[in-house]
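Undergrad: Each chain is listed here by its residues.
There are 2 protein chains.
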Amino acid sequence: MIMAETAPSPLAPLSCEAVAALQALLDGEHAATRELARSALLDLDLGLADSLEREDYRDQVLQWCRALAKSGAGARSFPQRYGGEGDPGGSIAAFQTLAHGDLSLLVKVGVQFGLFGGAIERLGTEQHHELYLRDLAALDLPGCFAMSESGHGSDVRSIRTQARYDVAAGEFVLHTPDESARKDWIGNAARHARLAVVFAQLDVAGEARGVHAFLVPIRSESGEVLEGVEAEDCGDKMGLQGIDNGRLRFCAVRIPRTALLDRYGQVSEDGEYTSSITSPGARFFTMIGALVQGRISIGGAGIAVARNALTIAVRWGERRRQFGTGLDMDTPLMDYLTHQRRLLPAIATSYALQAVHDHVTSLYVAQLKDPQPERQREVEALAAGLKAVATWHTVRSVQDSRECCGGKGYLAENRFAALRADSDVFVTFEGDNTVLLQLVAKTLLSDYAAQFEDLDAVGTVRHLTTRTVSRLLEDSPLGRLTRESTDLRSADWQAQAMRFREERLVDSLARRLRRLVKEERMDPLRALSHVQDHALAAATAHVERLAHQLFAAKVAEAADGPAAEVLTRLRDLYALSVVSADRAWWLEHGYVDADTSKAVQTEVNVLCGELRPAALGLVQGFGIPDGLLRAPIAVAEQHSGAGTD
Amino acid sequence: MIMAETAPSPLAPLSCEAVAALQALLDGEHAATRELARSALLDLDLGLADSLEREDYRDQVLQWCRALAKSGAGARSFPQRYGGEGDPGGSIAAFQTLAHGDLSLLVKVGVQFGLFGGAIERLGTEQHHELYLRDLAALDLPGCFAMSESGHGSDVRSIRTQARYDVAAGEFVLHTPDESARKDWIGNAARHARLAVVFAQLDVAGEARGVHAFLVPIRSESGEVLEGVEAEDCGDKMGLQGIDNGRLRFCAVRIPRTALLDRYGQVSEDGEYTSSITSPGARFFTMIGALVQGRISIGGAGIAVARNALTIAVRWGERRRQFGTGLDMDTPLMDYLTHQRRLLPAIATSYALQAVHDHVTSLYVAQLKDPQPERQREVEALAAGLKAVATWHTVRSVQDSRECCGGKGYLAENRFAALRADSDVFVTFEGDNTVLLQLVAKTLLSDYAAQFEDLDAVGTVRHLTTRTVSRLLEDSPLGRLTRESTDLRSADWQAQAMRFREERLVDSLARRLRRLVKEERMDPLRALSHVQDHALAAATAHVERLAHQLFAAKVAEAADGPAAEVLTRLRDLYALSVVSADRAWWLEHGYVDADTSKAVQTEVNVLCGELRPAALGLVQGFGIPDGLLRAPIAVAEQHSGAGTD
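One line per chain: the protein sequences are W and V, in this order. So my numbering is basically just the index in the first sequence, starting at one, shifted up by 1. So my numbering is basically just the index in the second sequence, starting at one, shifted up by 1.
Derived by calculation from the structure, the hints in this document are not laboratory data. Even glycine gets a Cβ: it sits at the ideal position worked out from N, Cα and C. Keep in mind that a hint or two might mislead.
Said to hold, decoys possible - Restricting the straight-line Cα-Cα distance to at most 25 Å, the calculated cross-link-like pairs of lysine-lysine (BS3-like) are:
| # | chain 1 | residue 1 | chain 2 | residue 2 |
| --- | --- | --- | --- | --- |
| 1 | V | K519 | W | K599 |
| 2 | W | K599 | V | K599 |
| 3 | W | K519 | V | K599 |
Said to hold, decoys possible - A short, non-exhaustive set of chain V residues, derived as facing chain W with CB atoms under 8 Å:
| # | residue |
| --- | --- |
| 4 | C235 |
| 5 | D237 |
| 6 | M239 |
| 7 | E404 |
| 8 | L412 |
| 9 | F417 |
| 10 | A422 |
| 11 | D425 |
| 12 | T429 |
| 13 | D433 |
| 14 | H531 |
| 15 | D534 |
| 16 | R584 |
| 17 | A585 |
| 18 | G591 |
| 19 | S598 |
The following block holds chain W by itself, in its conformation from the complex (with noise of 0.2 Å):
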């Protein structure tokens, strides 16, 4: 039973040249843009966040964003005739690289541009990118977006919050009808914000049109609430102080007929209602995928606050050495294998999130010059797994980093307790995490949806779709699975694997759904929170395969370079991890037998010990200044006062 204890043949520190091509993986085709975000936020004393009260916090906050929109590493996104530089793919690389810096800033660059700046562009018309995209691309316009009610966080299409056209006026009518449809936890609304596209429920002669967006002036420009509009503060929050998250309400707001942000719903002066898009549920998903860009960019944030951490945690765990009775006086606390698999994995898992990242975002920008409902409904299912997926590691892996350093970590000089209180929202916003899994496991069962008209009943299946399923079923049947070689190091074996994985859990899930249904004749929405757990495991399957095939690209082209070596060992760490954690499955089917299984949990233990001399080179290559990360025990000797080095 005891398994041979393979000795590891640790790699060496890694060089400049390694370390440079690591960041370059990461930087990807956005490097100068990222660059020029790194150097946009050293520019600012981010260290005011430590010291100013609640407001004052804030309106730095403010200032701050201001700095970066004329820095260029704010609104990249808009038309270079608008203030931006008409690169929405480097708007998110650089969304992601200030997610380093300070988070309460970064919400507020994703609420101002991202949030409500891409509303107006992407749901709005040139009459509306004229009017407003200038001044808010310069922060002459602070906005929010209001789309979140008090009753309805996960479902957009429920809101209720009011807009009836009045014909004989030619003007809208906003109107909050009760508490439950107030705007909730709107970023800027409690202080900042002029301007708000509002989501509201279109009647136009009496006929209900869905969903649309509406831009309502809610502040004079000396920042006085406007009549008819009340507007609250959220209250403390366990983090993100400098943003002024707030409650709206409306009590009967006219606004002329060009407020509403006409691009898929147009309303004529005389009161008839047009759509290029005839089935209002269509609509409402063609309006709400316009603003997929926010998941993608807070699954890279929750990438980039991970890497904070562990950036931090390794350093410390470079230096401090152990103390012990009888111990090496010389052991540093990243020789202790504890130490080491609390962190090495979630390194290994940052750099092949990374690529899941880079890929969205390419699809991303493929989509918004050339259209097609397939991409979309791939970027959309993508986006929300990767952001899922992505933030729960950033929980972990900040949690485990504050834990690797003790009471320092405990201190609020090491970061841990901003990163932490600061990026804990991430796993709950732009969609609960489990609500956003739900929605990637419907994608992946589209493809059974057409044995199941029962299941349509659900709603959201019929609106999304994905060749995901048939697309892998043809390239790798399970007939042809071969399971010959089990060389755990092999990227094919991995992949193999974790292929098996997701197709037999969607397989299974259709399955068991079909038969509740069916057979059972259980009620379809009954029958999906039967298997709830079922599909989360399936959609995080999903992430996780498509997270090691599209690193172990990355990893093969870089092939011939430096860093070869140590890409190589990442990727297989990344693997084996995920196989070790969830190795049950794969007893459980089958595909494994308990001696591979236990050879798994080994090779960690393993490529851990080869990888560990790296540890240092794999962090810098996160490309993080030490500027940004202030963490006296990561970075200035002198102020880490733990003197025992």
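Given the coordinates of chain W, work out where chain V should sit on it, guided by the hints.
TA: Structure of chain V alone, referenced to chain W:
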């Protein structure tokens, strides 16, 4: 491959009698003391914590602490003649109950009465008791416990503060030789403490006598830091802002000979050192062992904090309705399987771990009355194991609970921010969890130690022993394990599975170490690091087995009571969640087959369905008054804001 879907038979909502029975089971023999602690907390205006500035908050916490002392909920541990109740068991129960309130106050209580007072009581002699216990119990003498040093967190034996006996003056000279010997993270040191218990290396006539504790005045009655002492604030922390953690340095500070806490080692006027314990190692571990109450208490507090979080999440999950397109408009979040899976097993764990807490408390109290070396080692290992397992349970439960409450959970008013930030340090203070689990593993290994003389080089192993393994092997030798029955809901099946895992993990750990050291001639320290993950797994398996065993016994005792049905299911859910989480291990070792492994997961879901109607009652059983929960989403309908109900 598709499992049969077992339809759960949901329990009815719990009756008042059942809830009362649950609370009685958790409150245990110290129910009256717990009630006293609850009402003492309710008398304080704990909401002040949310609005006060840091230094004011700290002073407020000191005042609260005084009020608790007066109420009798503070220093119950001390003899009655010094203002206590001579009731260490009640003191531990009261401490756990106080964890339902403000955690800075909790830690202040722990520092003043537990660490500072406990050290004087357990390491001092009657002269010290007479001089100090009365005043410190009334909080007329605030003090601190200065053990940890910047360079020596988890390894007290290597601290480097010096205490040289000056025979001419009849005084000790306390000195901090360098920055790594600076006392660090000392609660009460930055602001309130007037007297410090300082741990230092005793040097008598040039001979090193090891770590001893000394009473060193550090502040005048008016609060000025005394000459020769330097005190500074550790600065802002992630949480526990109400605690004035500080750093202390001593520059040749002179204290009288009587300031040595001399229960285990004495220095005569003319400089003769005596001790009833001849081995310096044994003496050190005896002194440290006398302070084990701290770890028991933190484990208990961790369980209590998890209960607060779970109560808030379940109450919100019952009230919050998930609206959705085509979804039943009246589905509480608690009806969703993912919600149940996140909260109900955590609730079961909270119940089960309480049984360990009660058990170790009883052993500890018995040990105080009738000290026995064997039992002392059992108490120390159990305290370490409980503390690690319980506080990681806290971190996970608070995080899952916060996520289950979405944006509402991110609002400070709903308490997760404070619960999370304040309790996070539990996993690394009073012994880092990773280090503590290794201590447990070494205890488990001790029966093997005789076979591996080399392991003695590790040092600590020889000071730890246990009869656990041999006792286990006697009770249920591997050969006798019957696996005929796979009734997952049988306490016997559960117990045998847990026992099998623990025994095998300890056995294989010992074999691996032996092979590495004997055959591969690996340095014992490297060998231990090499198998660190294995050691942690063995220690965790030990605590989980014990939790099940002790909880199952309580459930059996309650078999005639009104909560019998729900308790049986809680036991099953605890056991099967544990098995499900680590089912790969049982699969790998041939203890379960693939079908049983899948059945375990299905059964966890079925149990969640059965327990779901009892969820509210289960958290009511935690016995936390609304005034201590304080979260609007859990308490006051009118404050909840999200007006969906």
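Undergrad: Determine for every hint whether it applies to the structure shown.
TA: Cross-check of the supplied hints:
The hinted pair formed by V/K519 and W/K599 meets the criterion: a straight-line CA distance of about 23 Å does not exceed 25 Å. Our distance criterion of 25 Å between C-alpha atoms is met by W/K599 and V/K599, whose separation comes to about 19 Å. Between W/K519 and V/K599 the CA atoms are separated by roughly 23 Å; this keeps the pair inside 25 Å, and the hint holds. The beta carbon of V/C235 is positioned within 8 Å of a beta carbon in chain W (closest approach about 6 Å), and the interface hint is therefore held.
Below 8 Å, beta-carbon pairs count as interface contacts, and V/D237 has one with chain W at about 4 Å; its hint therefore holds. A cut of 8 Å between beta carbons decides the hint on V/M239: the least distance to chain W is about 4 Å, and the hint holds. For V/E404, the interface hint holds, the least distance from its beta-carbon to any beta-carbon of chain W being 6 Å, beneath 8 Å. At about 6 Å, the closest approach between the beta carbon of V/L412 and any beta carbon in chain W falls short of 8 Å, and the interface hint on this residue holds.
Using the Cβ-Cβ criterion of 8 Å, the hint placing V/F417 at the interface with chain W is satisfied: the shortest such distance is roughly 7 Å. Hint status for V/A422 relative to chain W: holds, with the closest Cβ pair at about 7 Å, below 8 Å. Of the supplied interface hints, the one on V/D425 holds, with its beta-carbon coming within about 7 Å of a beta-carbon of chain W, less than 8 Å. Evaluation of the V/T429 hint against chain W yields a held restraint, the C-beta minimum of about 5 Å falling below 8 Å.
Interface restraint check: V/D433 against chain W, minimum CB-CB distance 6 Å, threshold 8 Å, status holds. Using the Cβ-Cβ criterion of 8 Å, the hint placing V/H531 at the interface with chain W is satisfied: the shortest such distance is roughly 7 Å. Annotation: interface hint on V/D534 holds; nearest CB of chain W at approximately 6 Å, less than 8 Å. With a cut of 8 Å, the hint placing V/R584 at the interface with chain W holds, because the nearest CB-to-CB distance is about 5 Å.
Given the 8 Å rule on beta carbons, the hint for V/A585 holds: about 4 Å separates it from the nearest Cβ of chain W. Annotation: interface hint on V/G591 holds; nearest CB of chain W at approximately 7 Å, less than 8 Å. Nearest Cβ of chain W to the Cβ of V/S598: about 5 Å, under the 8 Å cut. The hint holds.
Checked against the numbered hints above, the structure breaks none of them.
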